[in-house]
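Q: Okay, here's what each chain looks like letter by letter:
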Amino acid sequence: MPKYSIFTLARNALTGHERWTEAWRSPPPKDHYDVVIVGGGGHGLATAYYLAKEHGVRNVAVLEKGWIGGGNTGRNTTIVRSNYLYDESGALYEHSLKLWEGLTRELNFNVMFSQRGVMNLAHDHHEARDLKRRIHANRLNGIDAEWLDRDAVLKFCPVLNGDPNIRYPVYGATLQRRGGTARHDAVAWGYARGADALGVDIIQNCEVTGFDIDRGRIAGVQTSRGAIKARKVGVVVAGNAGVLAKMAGLRLPIETHPLQALVSEPLKPVMHTVVMSNAVHAYCSQSDKGELVIGAGADLYVSYAQRGGFDVIEETLTAIVEMFPIFSRVNMMRQWAGIVDICPDASPIIAKMPVAGLYFNCGWGTGGFKATPGSGHVFAHTIANDQPHPINAPFTLERFASGALVAEHGAAAVAH
Amino acid sequence: MVEMDARRRSALAPLKLAPATADPAGVRLSELAHLGKVNLRFDSADQDAVAALEALGIQLPGEVNGVVAADRRVLWLGPDEWLIVTAPGEEGAVLQQASQALAGRHHALTDLTDNYTTIRVAGPSAEALLAKGCPLDLHGSVFPAGRVAQSLIGAVDMILECLVDGAGGRMFLIFVRRSFAQYTWDWLADGALEFGLTIEV
Amino acid sequence: MMQITCPWCGPRDQREFRCGGEAHIKRPADPASTDEAAWADYVFMRTNPKGTHRELWNHVHGCRRWFNMARDTVSDRILAVYAIGEPPFDPDAAPATSEGAAQ
Amino acid sequence: MSGGNQPYRLAEGGRIDRSRAIAFTFDGTEYEGYAGDTLASALLANGVHRVARSFKYHRQRGILTAGAEEPNALVEVWRDRARTEPNRRATQQELFDGLATRSQNRFPSLGFDVGAWTDKLSPLFPAGFYYKTFKWPSSLWMTYERVIRRAAGQGRAPSRPDPDRYEHAYAHCDLLVAGGGPAGLAAALVAARAGARVIIADEQAEPGGSLLSYPADGPEIGGRPAAVWLADVLTELSTLPEVRVLPRTTVFGYYDHNFLGLVERVTDHLAPPNIAAELPRQRLWKVRARQVVLATGAVERSLVFPDNDRPGIMLASAARTYLNRYAVTPGKRAVVFTNNDSAYRTAIGLAEAGVDVPAIIDLRPNPGGGLVDQARQLGLPMLAGYSVSAVSGRSRVSGLQAVRLSADGTGIMPGLRTEVTCDTLLISGGWNPLVSLFSQSRGKLAFDAAAGAYVPGTSTQEERSVGACRGTVGLRDCIAEGYAAGAEAAEHLGLSAKRPPDPDIDEPAQTDPRLLWSLPGKGASGRRRAFVDYQSDVMDKDLKLALREGYRSIEHVKRYTTAGMGVDQGKIGNMNVLGIVADTVGADIPSVGVTTFRQPYSGIAFGAVAGRAPGKFLSPVRTTPMHEWHAAHGAVFENVGQWKRAWYYPRKGETMRNAVNREVAAARASLGIMDASTLGKIDVRGPDAAEFLNRVYTNAWIKLGIGRCRYGLMLGEDGMVMDDGVTTRLADDHFHMTTTTGGAAAVMSWLELWLQTEWPDLKVYLTSTTEQWAVIGLCGPNSRRVMEELTEGIDLSAEAFPHMAMREGRVADIPARVFRISFTGELSYEVNVPAAYGQAAWEAIWNAGRPFDITAYGTEAMHVLRAEKGFVIVGQETDGTITPIDLGMDWIVSKKKPDFIGRRSLFRSDTVREDRKQLVGLLTEDQNEVLEEGAQIIDEEAPPAPPVPMIGHVTSSYYSPNVGRSIALALVKRGRAREGERVYVSMPDRTIPVTITRPVFYDPEGARQNG
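Protein chains in written order, with our numbering: chain A, 1 to 416; chain B, 417 to 617; chain C, 618 to 720; chain D, 721 to 1731.
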């Protein structure tokens, strides 16, 4: 794998960059793999990478029906944080955040993880109560979190609307300084390049159409490019989890909803952190290109259409202009939607399935991007050892029967 | 007409509506305070019940989203739900007579006189003003006088009724819940500025 | 932005409605004697189909009536609206029409 | 040329109003233009081409186009600090008196920009360079990023809030026509004549589209000059009552079910004094159309050759527009460089206008067709089979080198080259039909190999594309298609339309272009700068690098190189990207795939999408019938959902805590009054009403006596507490239900859901009466005495009117329902009167209460009073994970009822755990220490290193003047079993020891409320 650095960049400049080699191969599928990962998004590629790197499982294929990183990985608003309420989620997302902090070097690929801080706004004392409950829990779980009063909030993000007489004035906010944003495509590409270097086959334009199950045990998958045998199959397909589950005869507590986002035309940067508000209901950051990256809630009906209603865009930009009145004359440049897999308790499922050798990683809903490294890391462990890593042990399918949910609606309320 | 108890305050009374006049007035706004409003639920397949109500001057509209204009105006709200609108103070009589007429039948008669207030939107730009926040097709060919619909005006639920105004054109009555009255009024008045606003009190 | 035909009020903008999720979910006749798994299936598990979805909608800003709707979740075309209590819409039985187009 | 102060303005012609000269500034220099000019045409009239610096390499850039697709000429329009508008297309900004504009993305000036070093060093910044560097040491990324962010962005956001208005309007029509060019107008006309309700939206200041760019002596339409035909059509449309023509209006989005979004720019073209304050700056139209005709036209492609981005290089069609519509010549000596016929019109037009045209360079070895012949007849020199291999001049083209292409067009024939001096280079790479809206409608695109362009294929909505956006060439066919589409649409609407005969127009037939996506020249790719996407500074070699590095999918190529991701969203460059990628991988274009077109078609202001909602109308402010009284008595209000509730009533000099303490004490000592009108109220009526309540509440309702009240808990099917309230039996078949303030709407639709879908057999009607009633809470030992003074028709004695009963009578001579219920544990009454009487009743009670020093108390005092009694608040003691058992409310969960909503979930293995969090009380050692709500509880005084095990959290915490100390409610694991134990509340700086108690701090026996 050709190393990336300022020096190799300079050397290649002399030859007009004609000597760079491909970041990952595009081999034809083999007829057998030890592990097949279905879904070439960030989570799937990370899973393959850690399988190869930490568990020595290198005869691995990642099957992607389109192009890698083309689903929610390439459509999300790239917010990374770990300030969740419950111990189980805190451990999962903090595990992920720690991996983020070393990811650029780990992958020798700049994922531009920018720890510019994430603020969750409170607009009255009732919201403050819930947010404080969360930061107290974060602190005791070793997750950095602090409370900013109104003045501190406006100092930290001066472009916020500081008028005390508006409908929902700024009351205070939680701040996780280690949170921030990352470059979404780079995460997929970086893991793909890393996994490929360790021998993983990344196979695009290869859609899984069925599972081969032999006496309750997975035997392989049927794909648009033929049958592929596999001892184990890990499925990480976000919004399409239900479709794949059905192929395996499983039912999931998941509904697939559109989640919309938009960006503005590039502006000279004026906003250097991430601001989220549940009450006014939108969140916003400014990319290194200068675009305001904006999102809000998911549409409340099942859809695979990657579309959603214009009313959500209206409400979202209303909230943005309310919070940032100086952005009113800024242009929306592009809007789009992903399809997200929402669990009743707003927490994921990372677990063995009733079919032996079959594993699902789904239900990330509106907040999966931030978990990419951690999700891949514990899912790889679960697949390699056929038992969960302690961190993902609580995130089973069975919890919906027992009632042991991990209700993170508060921490995940404004979709991101 | 029953005499009005001076202690009753309409939802918009606190606004102390100041008359405003613009020329030309694209929109004329006013509050119709204290109209009697009785919500009626029952199964209109029961012809005897329907007849008994008709005897009281309460005639159900034959079509959905329809209105029967009379002293006791009946607005269609749903397959088994209507709003009976009367002159101020008449609601008591309607409640009492109608519940006798429907006695022994499964029904609900509920006084909602104070639950709603009524805002009249008139003038050549009335439709354009409503179109700023109402997703209904308000074109005269689709929503003529004698129609009613439940929908949204901005962020507020409303019952919208279309009537003939004096000049033979259309005017609209908006029924909104009391606590939303001031917000709705402000929203309408602000939106009417570009057309020229007259407030009638 | 869909246009949904309320079985009572006629075609209205999607904004007037709220989706109530999957329709025709059978509540166990005797919850007390229903085991955890079956109960969880009723409370939490969903069909979530890629294709025809039969779902509940409420004309929440209109007549407040709940009704059934069949919609293609890939195209968001509405295949049918029908009253509560009617049998589940069968895509093979009925010809598809788009509400958006039909209006 | 007119010379004077507009040296490039022709002496006559054009659609500008020469009687109205308009002064404007660009980068501080004063210029003059005419009414009807755009900023671009006026600048060109003054000989100004260089107006911008490019995004990445800071190269000097000129005006490339005459429309929304402009990738280079983005300027800042400056009205004042609150009204700066970044990234405005100079080609779209209409001129108005005093228009002040600035170039962007340069420092200190457009002429000298320190950022320009990036161009020199561009070999170090190929596509995706940032993925390969700035990685070491990782701790420094934030520093690198700070530097990168300085270079980022283009325009600047305003520094003050936007003072302008934005309006929304819903619109419904039979036919929406997007694009007011010949094809669109033709369609609109036919449908409108048939009586259809038609909306025509056009981006420009006046409808007409391509017709506006025809020379005065251009082709005649059915014997009428194009301009006359246009005027006639517009006149007829204006006479048809159901037609709305919207100029300056962009159809930006095509959504599901024929819903389209339009933005009308109402005042952007006006000078400040002429803008009426109540006029919106822009209006967002939300259109539901039964039929749609797309007539959005086409944009010309550029050609990809070395230094194809120099100022003075312009699309040939744009030059034609400036020449004919604005009477402006782009230069004095203009070379035309093309791969198709259409550019010859420009050459001919310029030559006829007296501009020197030293060469027409055509990629085709043997160009043919009528326009080519006309050019020949005019004796314009032609270089057929030639390409441009080099351009000289940095701030303005000064000359170029033309070379003979090899047969396959990939190489250069040695020897055959000529130098041409010129100040303008007009290019045409063929045409891209604007299929953006069609694609947004989810129509399937088809590829036209001859034109090298995607065109509309199969439609999925009620929509038709006509004219150039469908790939149609030639005015006659465009208009004919318009007529046909208008007629078809009308027929689909059930109208009978008459389709006019196709117009007879004399225009030369055109021949196919020669599609060469990337043209040779400048040898070593290190020195070559051939731009595919001007907006994002993407060159052909960047695309090849991406492919070389394995980014094969077209989406990967775009994302890696950022091609098509700029403000023009690739309108000019996308086809060239696809062509170059296809050539490089040796595939045909369709197999490379097409990237999806996203809304909006072109940028629209956030403010327009938000409309009037931000600020005053963000969300309704709901007020109670007594609101005015509270305000007059100094109440501080708090938001509870959309409601404004009186929070507390501070007297002069009182802090919040003083005021609340006073209110809390008074309510128990003598008499308190509070406004409880916001509670949700539902009238439940019908023979099955009691059975219905039995199913939705956890406790039993069948036997509740008439005139009696009962507290109820509602659960979700998951067994978790959802809402609570007191419900009263008014008659055998009639109940008055109350809900929490915040839960009112949700509970109503929840109950309707069960009634309508699960239990349609139950005979029950629900009616919301929340706002029919004003509710006045009277609380305290003296409340009965006040009631006695005011009440008629009710025996108020404890025996006749016990706790949890309701009586009807008159209070202050107002018909009232009086409930003896209490959320404070005191002797209390809730007086319900019709809302219109609310303030009158309140004032009467207030006056009658004066002898008892009646005290108004707000929601904060109410919280303290109920906490003293350990009464829970749904949403504070509960969070969607709490069962009644967790709250210690087993007493309200019926053991006898076989079922109620959520019952089964209470018996799941996790919900029956012994160690679940349970509601308890907490007492601090320091009686004045008020714990922080939300604080977490731990077992150890000295917490270990994280993660620290947490056993619960504080849900409510207040100072209680009645108990004389602070009190708190909390949820603690196994809490009930740990009564009396000491645990610790963990704060960042310390741990606070607390003792677990029963969650009741005052009058545990409830003697007072029963008194």
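Any given hint could be a false lead.
Stated by the list, open to error - Pair by pair, the computed Cβ-Cβ distance ranges are:
1. D/Ser1469 to C/Val691: 53 to 61 Å
2. D/Arg1377 to B/Leu431: 33 to 41 Å
3. B/Gln516 to D/Glu998: 47 to 55 Å
4. D/Val1683 to B/Asp459: 33 to 41 Å
5. D/Val1683 to C/Gly627: 38 to 46 Å
6. D/Ala1665 to A/Thr396: 44 to 52 Å
Calculated directly from the structure, the hints in this document are not laboratory data. Since we're looking at a predicted model, the values are computed, not measured. Glycine included, each C-beta is placed from N, C-alpha and C at the ideal position.
Q: Any of the earlier hints contradicted here, and which numbers?
A: 1, 4, 5 and 6
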